[in-house]
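Here is what each chain is made of, one letter per residue.
Protein chains: 2
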Amino acid sequence: MTAHTHKSPLIVHRAHPLNAEPPGNLLQQSFLTPQQHFFVRTHGSIPEIDPSRYRLLLTGLVQQPRAFSLDELRSLAPARTVPVTLECAGNRRTEIMAVKPLGGEVPWGAGAISTANWLGIPLREVLRAVGVQANARYVAFTGLDEAPFAGETVHFGSSITLGKALSQDVLLAYEMNDEPLTPEHGFPLRLIVPGYIGARSVKWLGEITLQHHPSTNPYQTRDYKLFPSEVTAQTADWSRGKTLESLVLNAVITTPQAGETVAAGRVQVRGYAISGEEAPVERVELSVDDGQTWKTATIVERAGPYAWCFWELSLSLPPGDRQLIVRAWDTSKHTQPEDVRNLWNFKGYMNNACHRVTIHLV
Amino acid sequence: MTAHTHKSPLIVHRAHPLNAEPPGNLLQQSFLTPQQHFFVRTHGSIPEIDPSRYRLLLTGLVQQPRAFSLDELRSLAPARTVPVTLECAGNRRTEIMAVKPLGGEVPWGAGAISTANWLGIPLREVLRAVGVQANARYVAFTGLDEAPFAGETVHFGSSITLGKALSQDVLLAYEMNDEPLTPEHGFPLRLIVPGYIGARSVKWLGEITLQHHPSTNPYQTRDYKLFPSEVTAQTADWSRGKTLESLVLNAVITTPQAGETVAAGRVQVRGYAISGEEAPVERVELSVDDGQTWKTATIVERAGPYAWCFWELSLSLPPGDRQLIVRAWDTSKHTQPEDVRNLWNFKGYMNNACHRVTIHLV
Numbered sequence: 001m002t003a004h005t006h007k008s009p010l011i012v013h014r015a016h017p018l019n020a021e022p023p024g025n026l027l028q029q030s031f032l033t034p035q036q037h038f039f040v041r042t043h044g045s046i047p048e049i050d051p052s053r054y055r056l057l058l059t060g061l062v063q064q065p066r067a068f069s070l071d072e073l074r075s076l077a078p079a080r081t082v083p084v085t086l087e088c089a090g091n092r093r094t095e096i097m098a099v100k101p102l103g104g105e106v107p108w109g110a111g112a113i114s115t116a117n118w119l120g121i122p123l124r125e126v127l128r129a130v131g132v133q134a135n136a137r138y139v140a141f142t143g144l145d146e147a148p149f150a151g152e153t154v155h156f157g158s159s160i161t162l163g164k165a166l167s168q169d170v171l172l173a174y175e176m177n178d179e180p181l182t183p184e185h186g187f188p189l190r191l192i193v194p195g196y197i198g199a200r201s202v203k204w205l206g207e208i209t210l211q212h213h214p215s216t217n218p219y220q221t222r223d224y225k226l227f228p229s230e231v232t233a234q235t236a237d238w239s240r241g242k243t244l245e246s247l248v249l250n251a252v253i254t255t256p257q258a259g260e261t262v263a264a265g266r267v268q269v270r271g272y273a274i275s276g277e278e279a280p281v282e283r284v285e286l287s288v289d290d291g292q293t294w295k296t297a298t299i300v301e302r303a304g305p306y307a308w309c310f311w312e313l314s315l316s317l318p319p320g321d322r323q324l325i326v327r328a329w330d331t332s333k334h335t336q337p338e339d340v341r342n343l344w345n346f347k348g349y350m351n352n353a354c355h356r357v358t359i360h361l362v
Numbered sequence: 001m002t003a004h005t006h007k008s009p010l011i012v013h014r015a016h017p018l019n020a021e022p023p024g025n026l027l028q029q030s031f032l033t034p035q036q037h038f039f040v041r042t043h044g045s046i047p048e049i050d051p052s053r054y055r056l057l058l059t060g061l062v063q064q065p066r067a068f069s070l071d072e073l074r075s076l077a078p079a080r081t082v083p084v085t086l087e088c089a090g091n092r093r094t095e096i097m098a099v100k101p102l103g104g105e106v107p108w109g110a111g112a113i114s115t116a117n118w119l120g121i122p123l124r125e126v127l128r129a130v131g132v133q134a135n136a137r138y139v140a141f142t143g144l145d146e147a148p149f150a151g152e153t154v155h156f157g158s159s160i161t162l163g164k165a166l167s168q169d170v171l172l173a174y175e176m177n178d179e180p181l182t183p184e185h186g187f188p189l190r191l192i193v194p195g196y197i198g199a200r201s202v203k204w205l206g207e208i209t210l211q212h213h214p215s216t217n218p219y220q221t222r223d224y225k226l227f228p229s230e231v232t233a234q235t236a237d238w239s240r241g242k243t244l245e246s247l248v249l250n251a252v253i254t255t256p257q258a259g260e261t262v263a264a265g266r267v268q269v270r271g272y273a274i275s276g277e278e279a280p281v282e283r284v285e286l287s288v289d290d291g292q293t294w295k296t297a298t299i300v301e302r303a304g305p306y307a308w309c310f311w312e313l314s315l316s317l318p319p320g321d322r323q324l325i326v327r328a329w330d331t332s333k334h335t336q337p338e339d340v341r342n343l344w345n346f347k348g349y350m351n352n353a354c355h356r357v358t359i360h361l362v
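Keeping their order, the protein sequence lines are chains U and C. Residues in the first sequence are numbered consecutively from 1, following full-length UniProt numbering. Residues in the second sequence are numbered consecutively from 1, following full-length UniProt numbering.
If you're looking for bench data, these hints aren't it; they were derived computationally from the structure. Cβ coordinates follow ideal geometry from the N, Cα and C atoms, glycine included. Just to be clear, a hint being listed does not mean it is correct.
[Claimed, not checked] Footprint (simulated), chain U over chain C, 3 or more residues, beta carbon under 8 angstroms:
no.: 1; region: 205-212
no.: 2; region: 277-284
no.: 3; region: 293-299
no.: 4; region: 339-348
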């Protein structure tokens, strides 16, 4: 069914539902991630959809409920391209799991993140076409997949505020990097919510519902929330968890990889950095002496407020084992927490502790 | 000249120019800081201004330069009250100085921060009255004080972007907490820039200049910038420093104080937390085991997006020495760096490492 079951260069954490990420060296090969290297997060089936029969339903607090064909959507407004990085809220979860085990979550490394140029119709043009009632506050999205949740079968769903939905950069996307979406990336239509965790960018979009309250889909109400470290799966009161929206400031070393053996002398270190939408990445720094001193890396590529940046720095390193540490700063002068041990939460979300990679120099 | 030279409850770091902060227990007494307890940051003289002869000049890229009397300003538009916390970029500098010495900076503790209800005329109403030319990008502000800078005598000055200046909450303030400003707080008129470091809220405002570029005042171009840790006063290229604007996420324990002897058993811990304007404080946590576990404090008072919040937590603590650590999280799920040793910069700005207080329980 997918290109990933055989000869895929991705690390497949689970085949059913498919969850796979590119290794760091592959991630770093290209600022825009080719579709076949783009990380895949699915919660259930990958639906096979006949585009000629596909309809997107607009329902709820709208002036006029409607069902749009793909051609009707495309004729609504000019298409727009936005470079957006999608990052799973569980990116870098393995580091959290190493602190203390988690139950049953996908063990993402630092590759649950990828970037594409997304082409689509701005969501707000579709909302304009159907008319939004004055009491609508949230826009809920439902996928056409079938996903298990606590013993039930549901469609994946989520919601964002109407304010966010009216941003010109929230897209109903049908192409990434000039190619039609493949089935695992949401063919024929997916939502793209720039600056938010990947789970808000619902794939295989079937229905958009204007409503007064956030989505009641269990993937919104009982998943993708942040809890304090003293809360466990057994004690969690989901109504008190904090809904994840914006991405956090983060930076990762992709080259060299942890445990790699590298020739001593000049070592070229590379990686990515990302921030939420409020404040772009301003500076990336590396330390090879456990944070006592830091060197500023060069940001070599970036693309607007919603995409990662690529950075690199050439270091001179003697033989021996050496830990490299990276951190980013944003334009609001925030930097990252140092120690993942202080960020444990039972769902393993939002790990933005300074990334550490130990290499062997010979 | 000021109430602080005798019997002031403030800690006076310097008398000329006056720089003084309230101790933590005083800071925590009242959510709105009384004017006589409000921290004072000055760079030079405290001008004595006759309000009847005072004029505010509007110059530069305006349709019509003008000089406003105080009465004329007040008649321009309805006054507006906004609760705003002012925080010096050097708040908590002593912790940075303990890592490695700095040259000649004011050794602020954690009290270079205070909150007031500010009453004034929105700056944008004044800009509307004079008309802004289409090529204006920045609004520069000049004070009527005389301050030394690198051997010269200058007026303190700063600038903000025109976009920020057009926020309805940027005020030309003449009252704080229902009292006229005292001389040390900017009488008769000061700027209030919510969410930004205190240095942008220019006191004794004499002139507002619309221009295409940021202020060239040395307090803007060669001060209040953040540099990487490898840069020193000798090696700094000021054009490469990053201009400080937004406040960073921060939290401080004000009660008990460091070194205090406290009865073992139930200990009531109190403090403040603050964030920049983008994302409010969502959660405050305390650890008494060096970050291994955290308990969530109760936020007991807050007032809009630009003011600190007060929090408290009752802990049960056995006899012995104990380090309390606090950290805040914002609604974007950012938290703070742990270790001030990783935040050293030669001007000693923006210390938002987790605040640590060691107490003696008996």
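| request: Mind listing which of the numbered hints don't hold for this structure, in increasing order? | output: 1
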